[in-house]
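Undergrad: Position chain H relative to chain X; hints supplied.
In case you want the letters, here they are:
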Amino acid sequence: MKKGTKRICSLVLLVLIALLLFWLEANKSGQGMLISILQKSAILAIVAVSMNLLNGFTGLFSLGQAGFMSIGAYITAILTIPVVNLDGVYYMNGVAPWVRALKEGMEAGPSWLQSVYPFLALIVGGLVAAGFAALIGIPVLRLKSDYLAIATLGFSEIIRAIFSSPQMDTITNGSYGLNKVPTFPKFFGLPSLFTPFIIAGVTIALMVLLINSSYGRAFKAIREDEVAAEAMGISLFRHKELSFVVSSFFTAISGGLLAMFMRSIEAKTFSIALTYDILLIVVIGGIGSVSGSVLSAFLVTASKEWWLRFFDQPLTIGGWQVPLFRTGFRMVIFSILLMAVVLFYRRGIMGNSEFSWDGVARLPGRIKGWFSRKRPAHEAAGGDGI
Amino acid sequence: MSLTTILQHCLTGISLGGAYALIAIGYTMVYGILRLINFAHGDIFMMAGYFMIFAMASFPWQVAIPLVIVGTIVMGVVIERVAYKPLRTAPRMSIMISAIGVSYLLQNLATYLFTAIPRGYPEIPFLKKIFHIGALSASLVTFLTPVLTILLVIFLMLLIKKTKVGMAMRAVSKDFETSQLMGIKINNIISATFVIGSALAAVGSILYFTDRMSVTPFSGTLPGLKCFVAAVFGGIGSIPGAVVGGFVIGIAETLLVAMGYSTFSDAFTFLLLIVMLLFRPTGLFGEKSTDKV
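As they're listed, the protein sequences go chains X and H.
Take 1 as the starting number for the first sequence in the working numbering and just add one per residue.
Take 387 as the starting number for the second sequence in the working numbering and just add one per residue.
Honestly, I wouldn't trust all of these hints.
Derived pair list, reagent style SDA-like, types lysine to any residue, alpha-carbon separation capped at 25 Å [to be verified]:
no., chain 1, residue 1, chain 2, residue 2
1, H, Lys-471, X, Phe-344
2, H, Lys-514, H, Phe-440
3, X, Lys-144, X, Ile-37
4, H, Lys-471, X, Ala-340
5, X, Lys-144, H, Leu-642
6, X, Lys-144, H, Ala-502
7, X, Lys-268, H, Leu-642
8, X, Lys-144, H, Ala-469
9, X, Lys-144, H, Phe-440
10, H, Lys-471, X, Leu-14
11, X, Lys-268, H, Ile-540
The set of hints was computed from the structure by calculation and includes no laboratory data.
For reference, chain X alone in the conformation it holds in the complex (with noise of 0.2 Å):
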């Protein structure tokens, strides 16, 4: 395909995503479960990226992943809290006098600030994140691949059990956790449902560029062997830690992010149970794969939270009652599908190859290709690599 030709493509799509939104902005209240559905998509699609980093391309199995959220939406969810409704959050134990006066004090500011405050927030707990993902690092890193992944896990779990023990009851509100946390804010004039979706467009791009950069290529080599990477010149500590570091600051930015679109948190949202959910979306993604983890973010979320939702409601069909379908049903359907995308189908949807108009044109081809159980010839001879 001509490279005019998939500008043009790409142009198109964005366009008709800019659509799509404006259309879902006009008719918000007619199709709240989808803009919930895709908001939702656009922020595990941060998280599953940014999972796809380490995993994916620079090889540290880290499983870490719901501790650093929990870090970006507590502390989005402290600063973005307005002043008025913090005696009815912190109605149990009260609230801290510091953080009362740091919040009274970001109310008084001029009125362009308070405008920015929630992206502040949300780069804020990012900052924050990453700078204990740095701290952290410096041992952890050192591990190999299960001790860095239960490592990683302890200390998700360490910081879960930080914000909801009771000497933090008047940050953190303790095992109540936080509500009230006002929804997404506007984006430079455009409506507040564009910026989960432009914050995640954004984020990804940047992730993008930094694995198409010379620190990226270094990523894949350490992924690719260790050994053979030092022996090239490539600092292993410093590139694992550029990649942790970086992966922990979008975790938490999606983290913040989730925080406002759930509007209230609890230390319980971030168990292991979420970490698993994302090494899911990046399994079933491909694993080595932005695009396929995008894809499959989105894929997994709507399934999860509306295709498959049949399964948890008990279902006639002409009489007959089809047995199995009860509450809890579609998660086994999930674990099973991760079981068999593990084991029978281990590159997932996109492998470790990345989205491309030269693919996109290739799929008719490809699906005759099943259907015929013939090899399209393009294909055979190399096609997307594995």
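TA: For chain H alone, coordinates are given in the frame of chain X:
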């Protein structure tokens, strides 16, 4: 705190530690042979809890306990055959994801089949009988757990040191490929490892849940992770190490809860893991291994 209270807490801790030790052995043996954290082990332990509930509903405990142990063994071996065996040659990350997948599946399956509401654990009357030693008082299960743990470990050590299967296990954990060349049937040995691990998890589950009174689909996650930490603490691959690790974590956790830091008791376990990995990555009794290029 008076001495009696401290001793009382220590007793509870030792009992908890015994159950942890039994689970930790499962981790350490599987890791020793497959180099895989069996993330599903904690959930196998949880499922054994549910098996016990259903077995006790229709049988007396003398029949129910063997049934539970057999059921758990079957589950463990089936999991190995279905989820881990096809991935022997796959990259490490795939097999770990598969293990996480099994854990996710077992949790969701338990939520689906038994709902997330805690289920009461059946009482075995003679285990709950209260005994007094001086000023200390505890139920029989508290005294029984450490004794049973030590007995099982001695039996297991004999099995590994003296029998042919045990020798094969040691060989496989030293060098996978060479032992295959020596005519050891790898798959049988791995299955045997899962048989032992699951049986001990079942015993551990009976002892653990008799004290806790209820089972939920998620009650296996944290004990599972803690027992892995216990295995790392003692030196992965070493059975006495796992036992010591189990007792240390059990006692430390109980004492922390007693001092009023219950929210930090989980965090402490992971802190212990990280400190251990930093200063002595091979654990207390672990052997040093060198990576060759």
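Undergrad: A separate judgement is required for each hint: does it hold in the structure or not?
TA: We went through each hint and held it up to the structure:
1. Proposed proximity of Lys-471/H and Phe-344/X is supported: the alpha carbons are some 13 Å apart, at most 25 Å.
2. Using a Cα cut-off of 25 Å, the hinted pair Lys-514/H and Phe-440/H holds, with the two alpha carbons roughly 19 Å apart.
3. The straight-line distance between the Cα atoms of Lys-144/X and Ile-37/X is roughly 37 Å, outside the 25 Å bound, and the hint therefore fails.
4. Restraint check: the Cα-Cα separation between Lys-471/H and Ala-340/X comes to about 14 Å, which is no more than 25 Å; the hinted pair holds.
5. Straight-line distance between C-alpha atoms of Lys-144/X and Leu-642/H comes to about 30 Å, which puts the hinted pair past the 25 Å bound.
6. Restraint check: the Cα-Cα separation between Lys-144/X and Ala-502/H comes to about 35 Å, which exceeds 25 Å; the hinted pair is violated.
7. At roughly 22 Å between alpha-carbon atoms, Lys-268/X and Leu-642/H fall within 25 Å of each other, so this suggested pair holds.
8. A C-alpha spacing of about 23 Å is found between Lys-144/X and Ala-469/H, which places the hinted pair at or below 25 Å, so the restraint holds.
9. Distance check on the hinted pair: Lys-144/X and Phe-440/H sit about 41 Å apart at the alpha-carbon level, beyond 25 Å; violated.
10. Distance hint between Lys-471/H and Leu-14/X is unfulfilled; the C-alpha atoms sit about 45 Å from each other, more than 25 Å.
11. For the hint linking Lys-268/X to Ile-540/H, the alpha-carbon distance of about 40 Å lies beyond 25 Å, and the restraint is violated.
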